[in-house]
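J.: Sequence:
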Amino acid sequence: ANPDGLDQRRVIGVNGKWPPPVIEVNEGDVLAIHAHNSLDEPTSLHAHGFHQRGTTYFDGVPGVTECGIPPNGNFTYEYSITQTGTYWLHSHYEAQYTDGLRTPVVIHANKEPHRYDEDMVVMLEGWYHRNSKDVLQQLLSTSEYVRNLPFRPYMLVNSHGGSDLRPTTFKFQPGRTYRLRLLNVSATGMVRFGIEQHEMHVIEVDGTATEPKLVNSVQLSVGQRVSVLVTAKNSTEANYAYHADMFTDIQAGVERAVLPYTSIVEYAKGAPLVNATDKDSTVGWDFFEDVDLVPIDKQAPPGVNKWVPLEARTAIFDDRREHLTFNNRTYAKPTVPTLTTALTTGYQAFYPDVYGFKTHPIILDPMTDVEVAVFNHDNNSHPFHLHGHSFFVYRRGAVNDDPAKIRNAGPYPVRRDTVTIPPREFALLRFKADNPGVWLFHCHMAFHAEQGMMATFIEDPYYIRNGTNLPKEYSDNCKQMGIPLAGNAMGHQGLDLPDEPKGPFPLAS
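Under our numbering, the residues of the sequence shown are numbered 978 to 1486, in order.
Just to be clear, a hint being listed does not mean it is correct.
Straight-line Cα separation of at most 30 angstroms, DSSO-like style, residue types lysine-lysine; simulated pairs [unchecked claim]:
1) 1246 x 1088
2) 1409 x 1088
3) 1283 x 1382
4) 1283 x 1335
5) 1335 x 1246
6) 1256 x 1246
7) 1283 x 1256
8) 1190 x 994
9) 1088 x 994
10) 1110 x 1148
11) 1256 x 1190
12) 1456 x 1479
13) 1335 x 1449
14) 1456 x 1310
These aren't lab readings, by the way, just hints derived from the structure by calculation.
Let's have the full structure, built from the sequences with the hints guiding it.
T.: Put into C-alpha cells, the structure is as follows:
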C-alpha cells in the first residue's frame, strides 16, 4: 500500500484488504473474531482497553497470555462487550501493528450521556516507510551512529496522508454537533489535534465518559483515545484548517522534531480556507491535563495496600545496545507464556521467581488496593498502558519533588488505561486488583516496549489456576510453535531456571 503517496510498502491487511475495517458494536453484544494467520510469522490480536474479565487468555499478548498464532494457525477471540467508548484492535506480536494490523473499535452505549448529531472516527497515525523489523533492528544496533541515523514517521488520518487532502477532509454541516473519536495508533509520537476557530469539549478518555471540558486542542500519546464534541458554525462562507501535528523524540541522540500536518474541515466546496500561523492560531500547544477531568460515573479511588514503584529509564547496557527499563530491568519474553506458568506450577505460582527475572513479575493478591508510582527519568514522554484495568490518575508531579508541579485529582479522579508522563515527571495510578489474570504494563511506544519497558502483573494466582478454562486453540498453537504446555518461564519444573538469562545490565553512568 501507499497511503500517503510517497512510498509503496508491504502492509498487513485483513481478508485481502487494507486498511482493516472499523469495528462497531453495541453494549451487551458478544464480539467474536476468527483470526487465521496467513503471514510467514506469528501474530496475535489485542483489544486495547478491553478489561477481559474472566477471559485473560483472550488478551492477545504472545509470551504473556498466549503463545501467539503461528503461520497457518487459527485463534478465535470472543469478547463480552460490557464497556463503552472508543478502543482499538491491534497485533501484540513484536511491533507488528505498525505494519498496518490495527483498527478502531467503537462500542455504542445503550444510554449515551452526551447528545450529538453525528459520530466520526479520526484515527491518527505516524506511519513509517520501513517495516517494523527494520526500525527495531536500527534502534537495537550496537553502533551509536546507526541508532541515531534520522528516520521519521509521516502523518496519516484514517489511513490516508500526503498532499492529496481529499481523503482526510471532514465535511461539516452548519449547526450540527459532531463527536470526533480521536485515536493515536502510531508506533511513536504524540499528536496534537485541533480545528481553527472551533471549540472542542472533551467527553471521553480511554472509554471513560467525562463531564465536558472545554479545550482548543488535545494531545494524544500512543494508545490514547479522546472523544470531543464540536458544534459546527452556522455559516458556509469558509472552510477551516484542522491540525494533526506530530512530535516525536524516540531517538535519544536526535533532537525532538515537530512534524506538522494540516487538512480541512469543509463546509462548502471551494470556500476560502481559514488557516493561521502559529502566532495567530486558535489551536494551542498546552499540555492536555487529564488529572482535572471528572468522570460521569463518579467513583472514589481505592486506598493503598500495595505500592509498586517503577523507575522508567533509557540506558546503554553492557551488550552495547540501548534498552528501556523499569527499575533497571529490561523485559524479555519467556519461553513459556506467563499464563501457562500460573496455571501449571501449583503453589509456586505465588513466587515471582517462577515467572522469570526478565518478565519483571509482580504478584497481586485478590482485591488489593494497588498504587503504581511511575517515575519518568527520561528526556522524552512515555505513554504507559495497563492491560486488564482502567486506573485512577490520582496525582502528577515532578521527579525532583518541585511542589509547584504537583497536580492532585479531585475526589473522583478520571479513569483511563493509558497515561502520558512527561519528561522527568511522575504519576500515581491506582486500581483495585479485582480482575484475576495476567496483565502487562508497558510503554505503548511500540519500539520502546520491544526495547524492554514492560512489567507483568500476575493477579490472584489462586483464582487463575482454579477459575481458568483455556480454549483448545491455545494449546494447539503452542504445540505447533514447539512451546511447552507447562512449567516455569524456561519450561522447567518449579524454581529450576538454570539457563535463565538475567542480563544485559545497564552500564555505570
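J.: All hints, please: hold or fail.
T.: Hints, verified against the model:
1. 1246 x 1088: Given pair residue 1246, residue 1088 is violated - Cα atoms ~36 angstroms apart, limit 30 angstroms.
2. 1409 x 1088: With Cα atoms ~26 angstroms apart, residue 1409 and residue 1088 stay inside 30 angstroms; holds.
3. 1283 x 1382: 25 angstroms, holds
4. 1283 x 1335: Measuring from Cα to Cα gives roughly 21 angstroms; hence the hint holds.
5. 1335 x 1246: 57 angstroms, violated
6. 1256 x 1246: 27 angstroms, holds
7. 1283 x 1256: Distance ~48 angstroms between residue 1283 and residue 1256 Cα, so the pair is violated.
8. 1190 x 994: 38 angstroms, violated
9. 1088 x 994: 34 angstroms, violated
10. 1110 x 1148: 37 angstroms, violated
11. 1256 x 1190: 24 angstroms, holds
12. 1456 x 1479: 27 angstroms, holds
13. 1335 x 1449: 28 angstroms, holds
14. 1456 x 1310: 17 angstroms, holds
In the structure shown, a violation is registered for the earlier hints numbered 1, 5, 7, 8, 9 and 10, in ascending order.
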